[in-house]
Amino acid sequence: MEILVCAKRVPDTSENEIQLDGDGKDIEREDLVYSVNEPDNYAVEEALQIIARTGGSVTVVTVGGEEDEEILRREMAMGATRGVLISDDAFTGSDGRGIAAILKAFVQTGHYDLILTGVQAEDGCAQVGGMLAAMLDYPFASLVTSIEVLESRKLKIGREIEGGNKEINAIDLPCVLSIQTGINEPRYVGMRGIRQVASVPIPTLGASDLGVDADVVGEGAAKMRRVDYFVPPAGKGAEMLEGSREEVVDKLMDLLKAKGGLN
Amino acid sequence: MARIFAYIVHKSGVADDTAAELPAAARKIDPAQQCTAIVTGWGADLDQVCESLRGTYSEIWKIAKEPLAYPNAELVRKALLSVLPAGAIVLVPHAHFGVDLSPGLSIRMNAAYVPDVLDIEGVEGAWLKAVRQEFGGQVSTHVRCDVSTGAVLNIRPGAFRPFEGAPAEGRIVDKSAEAGALAARRRYLETIAAETGDVDITKQTVLVSIGRGIGEQENVAIAEDLAEAMGAAVSCSRPVVDAKWMDKSRQVGSSGQTVRPKVYLACGISGSFQHLAGIKGSPFIVAINKNPKAPIFRVADVGIADDMLEFLPALAARVREESCVSGKERRRS
Amino acid sequence: MGESIDSIAAATYWLIRGRDLFLFLHLLGLACFAYIVARRLAPLLRAQRDFRFDRPLARLGRVLQFWLAQWRHPRYRFAGTIHMLVFAGFLILVSRAFALLGLGISDRFAAAESGGIYDAIRNYASTVVFLCMGIAIVRRLAFPPPRYGHRSADAIFLLALIGILMAADGVFEGSQAAFHAQLGRAAVWLAPLSLSWIFEAAFASASPATLHHLHLGAYLAHEITFFFLLCYRPFGIQFHIETSLFSIYFAKLDRGTVKPVRWGVAEEQLDTVPSFGVKKFEDFTWKHILDFYSCADCGRCSDQCPANAVGRPLSPRNLSIKARDYVFRHYPVLGRTEDGMAMAGGLYSEDEIWSCTTCGACEAECPLLVEYIDKIVDLRRGLVDDGKAPQSLHKPLKALEGRGNPFGKMEKKRADWAQGTVRALNGAGGASTLYFVDSITSYDDRIQSIGRATARILGRLHENFGILGAKERDSGHDVRRFGEETLFLALRDHNTEAIRASGVRRVVTADPHAYNALKHDYKDVPPVEHISEVLARAVKTSQIRLNGVENGVYTYHDPCYLGRHNGIYEDPRDVLDAIPGLRRVEMKRCRDRSFCCGGGGLALFYEAKEEQRMGVQRVRMAAEAGANVMVTACPFCMVNIEDAIKVAGMEGQMTAIDLAELVDRQMVNPTQG
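Residue numbers (numbering that gives the first Met the number 0), protein chains in the order written: chain A, 0 to 262; chain B, 0 to 332; chain C, 0 to 672.
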């Protein structure tokens with residue numbers, strides 16, 4: 000099976016405290032540690048586990064610039080067959096729809112049975128997978144937590160739904176799935192692994208290689224644009240209980256009794 | 000101004016809480032308009048839902064087709080596309096179904112898409128201004144989107160207050176015929192219910208809820224001890240389940256259970272909206288967290304900036320003292 | 000007939016002359032043995048290199064200490080005494096054994112006279128060995144200690160055979176002496192009450208013909224038993240009789256450090272090594288395989304292993320025995336060599352390998368100096384190379400790579416613990432001493448107070464010191480021991496450069512893991528001391544005076560990386576004893592038998608499958624010793640012990656304090672009298 004995983008390089012939220020920069024228009028990026036978006040990493044691991052059973056290859060693609068190559072290398076160190084960087088000045092400032100259009104053009108340069116994305120990235124939009132599927136006219140499923148390969152170009156997939164329940168679907172190939180964290184246990188990739196793929200060439204494709212429609216990509220074409228970042232005023236928030244631990248416990252006991260918290 | 004539709008999520012004949020919230024969002028887009036509900040489904044359940052919407056919506060478009068008995072986003076999308084007018088603005092709750100439906104819907108409609116909207120600031124010409132969050136809620140962002148060819152807006156559940164106004168007329172319009180034949184390359188097979196486990200947290204009135212701050216498996220006992228003293232049960236947020244320290248049946252949140260307690264102790268929980276989405280009914284929320292800047296303190300009623308691993312045992316000891324004094328036995332509810 | 004009682008060579012065994020029979024049997028036995036040994040050496044030739052031929056004098060010294068003087072044996076008093084007696088007996092009897100064998104082929108080996116000193120000694124030696132075999136067999140059957148496990152049948156068989164060997168010699172000699180006595184020949188002097196003497200007495204009334212048969216039979220029995228044992232030993236634990244000399248000679252001399260990824264491959268060339276660590280059996284070094292042969296399955300290592308004690312899947316001796324059984328199966332004496340299974344995940348479970356805290360209790364105990372830590376680290380290297388690091392370690396490892404600490408906290412906050420009171424060194428000339436803080440003391444809310452106490456102490460001692468601050472990274476000590484060598488090297492190189500750039504001449508740390516790394520894993524850095532060494536010196540020279548304490552019973556818990564791995568036991572105790580009025584007790588398991596708190600560095604993040612926490616057992620040991628305050632000198636011990644006090648429900652009955660915190664609290668203010 001030929002699998003394509005669309006990945007993104009994002010600031011690592013668990014190791015970073017996100018704060019606004021001096022201007023208040025963007026976040027402070029100087030001290031940030033970047034890495035591959037966690038759900039995308041799960042997607043690559045899932046793809047690797049699938050081809051271990053079915054044979055085939057895993058291609059990892061990202062849209063960005065030179066600094067984004069490092070996540071491709073990391074996924075290749077994990078076992079992905081090849082990495083592709085899509086980079087062009089014309090693509091800068093694309094919104095999710097623009098990114099999906101770029102990826103669609105890339106998909107059509109190859110032949111992929113299955114396309115995976117992570118369920119969402121740091122912007123919480125969770126959109127590229129679904130948009131890409133609609134542009135390609137492929138079936139789509141989001142929040143996938145299990146994949147079983149069936150005969151004759153079908154998959155049996157599980158989706159995460161409310162209440163901790165799992166929705167089981169059959170879906171035809173080729174299709175697009177967005178992968179939820181926890182679907183598997185990704186293998187470890189260390190510095191050594193990345194060094195071992197350090198000299199593997201990563202092709203870079205530009206607008207002319209892909210034949211993308213110019214009026215869907217780039218800042219000018221974006222239908223959704225970010226104006227600024229801000230931190231909302233604190234508002235009332237919680238009433239903080241002050242004092243020594245014993246005093247706080249006392250105050251809390253009174254409140255709990257009043258609110259029916261002690262049975 | 001384009002026509003605004005609200006997609007209604009429902010289960011077992013009952014509309015989701017978001018059905019009452021979407022009209023408020025619509026009003027912020029166009030105060031002059033009454034948005035139209037659009038509901039898909041089949042049979043008595045669907046009819047029951049449409050009836051219940053009459054008080055909230057002046058017009059309800061009903062699409063009843065047997066393949067839509069289970070809400071398969073691929074089929075729902077096709078159905079919607081066949082009835083929605085060009086340039087429409089569609090509001091969908093941002094949850095499991097919305098995330099499945101909306102991105103593709105926006106492409107097919109050739110419309111803009113804004114996911115997980117917290118607030119709408121109005122429309123200026125072709126641009127709608129809204130508020131979103133990024134980085135797990137650590138920062139907010141103002142966005143504007145071009146609605147000249149329509150839009151799909153996924154609204155965060157609970158971000159807008161439920162409709163409380165004069166009852167609307169509630170005219171049900173049957174659009175089933177326009178939907179046409181529905182087939183998709185994704186077929187629903189079954190739902191596997193989560194294991195209920197030994198305790199049903201959705202029925203508890205008091206919950207001691209733990210998050211990543213619990214640190215490790217052994218410390219869960221600290222929360223269980225407090226819960227026992229209080230006659231409560233222990234629930235948790237997603238990271239605790241991911242780490243396999245508690246069973247999934249104890250998870251509160253958009254991908255876990257929805258709870259309606261009277262009192263909710265959020266211990267070592269940062270307060271991500273996915274977790275808060277699982278708490279309904281405005282309980283008295285006490286937040287205990289080492290980090291005084293944790294987002295949970297914005298939504299809690301009372302906050303305690305302390306290490307939960309130290310505070311909870313102290314609280315449990317006090318609760319037990321009181322119960323000894325009053326001579327009552329604590330029983331689990 | 001009479002002559003042959005004095006000459007086996009000339010005797011007749013079923014129509015064959017003694018000389019011919021025994022020459023044949025000797026050659027057959029030796030040939031079999033040689034062949035077996037050659038087959039046993041075969042896997043060593045296919046194994047990885049190991050540089051063990053340096054420092055011959057030091058190695059000989061260890062042979063004298065651990066092999067000849069049986070240095071480790073008395074640690075288990077009863078079994079140790081028995082073993083030392085048997086070992087001494089064997090050494091004494093070597094000459095006798097050769098003489099006996101020689102008798103079969105030539106009379107030249109017959110002694111001219113009997114009753115010399117050597118004969119007396121060897122008589123008693125033989126008797127003692129025989130008695131020890133009896134005691135050992137009874138003990139195995141009736142009162143086996145738990146560490147003996149369930150593999151006793153083979154052991155008892157071998158003990159019995161050795162007993163038979165001694166008895167055969169006794170019958171051989173006794174029958175000859177009885178024969179001479181009966182027929183009035185030259186008396187054979189036998190040491191009174193020795194085995195031979197007893198047999199002589201027992202045979203006093205036997206007929207000469209019977210004695211003759213006994214004599215010849217005993218010799219044949221001795222021959223067969225001797226060569227059977229010789230050829231059987233390489234098939235089990237008794238192979239240690241042959242291999243122990245070598246396993247001790249080639250034992251590791253450099254304590255505290257871990258073997259390189261590949262001997263003979265420089266660090267700069269590691270990228271050319273296709274595979275790190277042990278994945279298949281032949282990835283072990285020849286010395287490791289020799290260790291597998293040498294393990295006597297005595298169980299002392301597992302008896303002391305804290306992971307084993309808390310029910311983790313690790314039992315060190317099983318690491319050796321499983322590998323030994325593997326090599327016996329796949330490199331058989333008869334038959335073809337087969338290629339086998341994966342080591343980690345096949346022969347050993349992954350949990351087994353990750354369970355080790357590298358405390359070194361096993362290595363401190365083993366009388367044969369079998370090494371375990373290097374093997375565990377190599378197995379971990381193999382797993383990490385294949386991407387199989389445990390999920391619970393992914394996050395801290397990623398944080399170490401990205402931020403230089405396992406908590407993922409920002410580099411620029413690394414010196415926040417000091418609250419501005421300590422200088423961060425920028426470039427050379429800032430200070431002569433570096434206080435290397437390391438990650439947990441820098442970032443953990445509770446442990447930061449150890450950092451501040453240490454800084455105050457250094458200040459009081461008028462040390463011209465500073466810290467690296469945001470330039471410091473995790474020492475990488477446990478990154479290396481958890482198998483992530485590449486990340487370790489990156490951390491080490493970064494720190495080395497920062498330390499050298501600071502121009503300091505000396506490094507002090509309060510973290511034994513950092514201490515061990517800087518001392519043994521790092522190269523080209525200034526000498527390092529632990530704060531307890533600094534304090535011991537300071538109290539002895541009265542540079543620091545300490546206020547007394549009135550309450551509390553204190554006990555000192557030896558951290559593994561300060562005590563066992565680096566031999567610093569007395570300095571912390573001297574410091575405690577310098578506090579007036581401090582009542583100190585020792586736990587039963589102290590010094591090099593200290594019981595690991597649960598492990599440090601990445602061990603804090605690993606979620607082991609265990610029945611109880613090591614820390615909880617340790618806290619109970621302190622209570623048993625009558626203490627209510629545990630003093631330790633390691634931040635990881637502090638984390639584990641304070642945690643354990645809570646988990647064990649002993650809050651209020653036990654507290655823990657760090658040595659630096661205690662001294663800081665008790666230091667006499669210079670303005671006071």
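What the hints contain is simulated information worked out from the structure, not anything from laboratory work.
Each hint should be verified, as a subset may be incorrect.
[To be verified] Derived DSBU-like pairs (lysine-lysine); straight-line CA-CA distance at most 35 angstroms:
| hint | chain 1 | residue 1 | chain 2 | residue 2 |
| --- | --- | --- | --- | --- |
| 1 | B | K261 | B | K202 |
| 2 | A | K24 | C | K387 |
| 3 | C | K411 | A | K24 |
Cross-check of the supplied hints:
no. : hint              : result
1   : B:K261 <-> B:K202 : 11 angstroms, holds
2   : A:K24 <-> C:K387  : 42 angstroms, violated
3   : C:K411 <-> A:K24  : 24 angstroms, holds
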